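Q: Please take these sequences and the hints and turn them into a complete structure.
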Amino acid sequence: MADIYGGYAPILHNIAVELQNKINGYADACMKERGEKLFEHLSWRLKTPESMEDKCRRDGLEPCPRSALKKVHDSIGIRIVCLFIDDIYRNIEEIKKLPGCHVVLEKDFISAAKPNGYRSYHMILEAESPAKDIDGNTPGLYFAELQLRTIAMDTWAALEHELKYKKDIKHPELISEELKRCAGELAACDVSLQTIRELIRQ
Amino acid sequence: MNLLLAEDETDLSDVLTAMLERSGFDVDAVENGALAVDKARHKAYDLIILDVMMPVMDGFTAVKEIRALGIFTPVLFLTAKAEVDDRISGLDAGADDYLTKPFAMGELLARVRAMTRRRESYTPRIFTLGDTSIDLDRSELKCKNSISLAVKELKLMELFMTNPGISFDSEELLDRFWSGEESDADALWMYISFLRNKLRSVGSPLIINGKEGGNYTLTSS
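Residue numbers (this note's numbering), protein chains in the order written: chain A, 1 to 202; chain B, 1001 to 1221.
Keep in mind the hints are simulated off the structure, nothing from the lab. Predicted model only: the values in this text are computed from it and were never measured. Treat the hints with caution; some may be incorrect.
[Stated by the list, open to error] The list that follows gives simulated cross-link-like pairs (lysine to any residue, SDA-like), each with its CA atoms no further than 20 angstroms apart: (1) A:K70 / A:Y5; (2) B:K1211 / A:I196; (3) A:K180 / B:C1143; (4) B:K1211 / A:R201; (5) A:K180 / B:N1145; (6) B:K1211 / A:I200; (7) A:K96 / A:A16; (8) A:K114 / B:C1143; (9) B:K1155 / B:G1214; (10) B:K1155 / A:S192; (11) B:K1144 / A:F109; (12) B:K1211 / A:Q202; (13) A:K114 / B:N1145; (14) B:K1144 / A:S43; (15) B:K1211 / A:L199; (16) B:K1144 / A:L199; (17) A:K114 / B:E1140; (18) B:K1144 / B:L1154; (19) B:K1211 / A:E198; (20) A:K107 / B:E1140; (21) B:K1142 / A:N116; (22) B:K1152 / A:K107; (23) B:K1144 / A:Y5; (24) A:K107 / B:I1208; (25) A:K114 / B:R1117; (26) B:K1211 / A:R197; (27) B:K1142 / A:R181; (28) B:K1144 / B:I1208; (29) B:K1142 / A:A112; (30) B:K1142 / A:S176; (31) A:K71 / A:E106.
A: Here it is as structure tokens:
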């Protein structure tokens, strides 16, 4: 049945699995060589056709396979959650070295948090696939969005996500203000933990 | 604002009460130190005015007892004696200021105003250096990003930001902010390290220069 991915969903699925394998590959190598865990966990999802359609409409794009595959960049979403801030940057270095894909865009919301307090490092990757893409390129080129964050940032984002979709909240301004304060406190903890780790390892 | 007045001379007490009330203060007047301590125990005052020579309990003893209760309300004492020793004993007992009798009513009112003026109203709560700032009320360090600071980080940062380019040795910082435990030097170094990374994480160009156990100076890169 034809959804907004126009039959490309299985290919996107394969690319996501392939990217996950590559990321696990460098992490396993690091574990073997240095006994260090580069991230705590890795997860991925394919945007459902329904939310992809919503997103296209929100962005003023025609809800069609070309928009979903070429104009929207987060049909594939991969999230890497790390223990420490420095680990995020080590992962970024590794990701830039991955074969068969290149970084199209980076947004560092850790160095410059969003006004609401959101912190994460976003990368848009263009991954190659043996399967032809919608423009007829071989290898085909497909986008994926990577989000890298610490456990604290992940917890915060989970709550903020809940807030965003919850209607009829009492005192929304107060909640947003407190959530922003928490973001600052969690960031402070992340930096302190990072510093203590540096002091221990000196 | 609530004022507590302890004065055993009834005429003077009445005049002071009337003047202070006319200036907008709520005054509780008592006639000895013991009653003043009892009042202070049960009500929060913004200023306490104590005569020194009073029956039952003198002003010095009353200040000591009030301070022993953990009450740090400013205390102004009124002394008939002009001796220096007397003023010293009063201040050492925990008073904040004194006035020698006889005094001009205008001076008393000016001192009362000065001592009840909220500290915050003339002490800045935000310090800025270049595009970096700290907010004492929010315990926050801010530049391109903002981050929370712990109490000691805030105190250290306030000192550095109000004295940029000045070199502080570890001893001085330990004297100012630590209590004299054996592990304090390690703690200072840890807090300097915390601050360095926090400055970096908010994208501030400010740098705390210095090595462990040495001198520290805040500079801009």
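Q: Give a verdict on every hint.
A: Hint-by-hint comparison with the structure:
Distance restraint check for K70 (chain A) and Y5 (chain A): the Cα-Cα separation of roughly 11 angstroms lies within the 20 angstroms cut-off, and the hinted pair is therefore satisfied. Between the alpha carbons of K1211 (chain B) and I196 (chain A) the distance comes to roughly 17 angstroms, so the proposed pair stays at or under 20 angstroms and holds. Restraint check: the Cα-Cα separation between K180 (chain A) and C1143 (chain B) comes to about 16 angstroms, which is no more than 20 angstroms; the hinted pair holds. Among the hinted pairs, K1211 (chain B) with R201 (chain A) is consistent with the structure: their alpha-carbon atoms are about 17 angstroms apart, no more than 20 angstroms.
Between K180 (chain A) and N1145 (chain B) the CA atoms are separated by roughly 12 angstroms; this keeps the pair inside 20 angstroms, and the hint holds. Simply put, K1211 (chain B) and I200 (chain A) have alpha-carbon atoms about 17 angstroms apart, close enough for the 20 angstroms limit, and the pair holds. The suggested pairing of K96 (chain A) with A16 (chain A) holds, with an alpha-carbon distance near 16 angstroms, which does not exceed 20 angstroms. Restraint check: the Cα-Cα separation between K114 (chain A) and C1143 (chain B) comes to about 13 angstroms, which is no more than 20 angstroms; the hinted pair holds.
Taken as a hint, the K1155 (chain B) and G1214 (chain B) pair is honoured in the structure, with Cα atoms around 19 angstroms apart against an allowance of 20 angstroms. For the suggested pair K1155 (chain B) and S192 (chain A), the alpha carbons sit about 17 angstroms apart, so the restraint of at most 20 angstroms is met. Pair hint K1144 (chain B) plus F109 (chain A) holds up; C-alpha atoms about 11 angstroms apart against a cutoff of 20 angstroms. A hinted pair counts as satisfied when its Cα atoms are at most 20 angstroms apart, and K1211 (chain B) with Q202 (chain A) qualifies at roughly 14 angstroms.
Straight-line distance between C-alpha atoms of K114 (chain A) and N1145 (chain B) comes to about 9 angstroms, which keeps the hinted pair within the 20 angstroms bound. A hinted pair counts as satisfied when its Cα atoms are at most 20 angstroms apart, and K1144 (chain B) with S43 (chain A) does not qualify at roughly 30 angstroms. Proximity of K1211 (chain B) to L199 (chain A) is assessed by CA-CA distance (about 13 angstroms); at most 20 angstroms being required, the pair is judged to hold. A threshold of 20 angstroms between alpha carbons decides the hint, and for K1144 (chain B) with L199 (chain A) the separation of about 26 angstroms lies outside it, so the pair is violated.
A C-alpha spacing of about 16 angstroms is found between K114 (chain A) and E1140 (chain B), which places the hinted pair at or below 20 angstroms, so the restraint holds. With a C-alpha separation of about 18 angstroms, the suggested pair K1144 (chain B) and L1154 (chain B) falls inside the 20 angstroms cut-off, and the hint holds. For the hint pairing K1211 (chain B) with E198 (chain A), the CA-to-CA distance comes to about 15 angstroms; that is within 20 angstroms, so the pair holds. The hinted pair formed by K107 (chain A) and E1140 (chain B) fails the criterion: a straight-line CA distance of about 24 angstroms is larger than 20 angstroms.
For the given pair, K1142 (chain B) sits about 15 angstroms from N116 (chain A) by alpha-carbon distance, which is consistent with the 20 angstroms threshold. Annotation: proposed proximity of K1152 (chain B) to K107 (chain A) is violated, straight-line Cα distance about 33 angstroms (limit 20 angstroms). Restraint check for K1144 (chain B) and Y5 (chain A): not satisfied, since their Cα atoms lie roughly 39 angstroms apart, outside the 20 angstroms limit. As the CA atoms of K107 (chain A) and I1208 (chain B) are separated by approximately 28 angstroms, the hinted pair breaks the 20 angstroms bound.
Annotation: proposed proximity of K114 (chain A) to R1117 (chain B) is violated, straight-line Cα distance about 39 angstroms (limit 20 angstroms). Distance hint between K1211 (chain B) and R197 (chain A) is fulfilled; the C-alpha atoms sit about 18 angstroms from each other, no more than 20 angstroms. Taken as a hint, the K1142 (chain B) and R181 (chain A) pair is honoured in the structure, with Cα atoms around 13 angstroms apart against an allowance of 20 angstroms. In summary, the hint linking K1144 (chain B) to I1208 (chain B) is supported, as the alpha carbons are separated by about 18 angstroms, within the 20 angstroms threshold.
With a CA separation close to 11 angstroms, the supplied pair K1142 (chain B) and A112 (chain A) stays within the 20 angstroms bound. For the proposed pair K1142 (chain B) and S176 (chain A), the alpha carbon gap of about 19 angstroms is at most 20 angstroms, so the pair holds. Under the criterion of a C-alpha separation no larger than 20 angstroms, the hint pairing K71 (chain A) with E106 (chain A) is consistent with the structure, at around 16 angstroms.
The structure shown violates the earlier hints numbered 14, 16, 20, 22, 23, 24 and 25.
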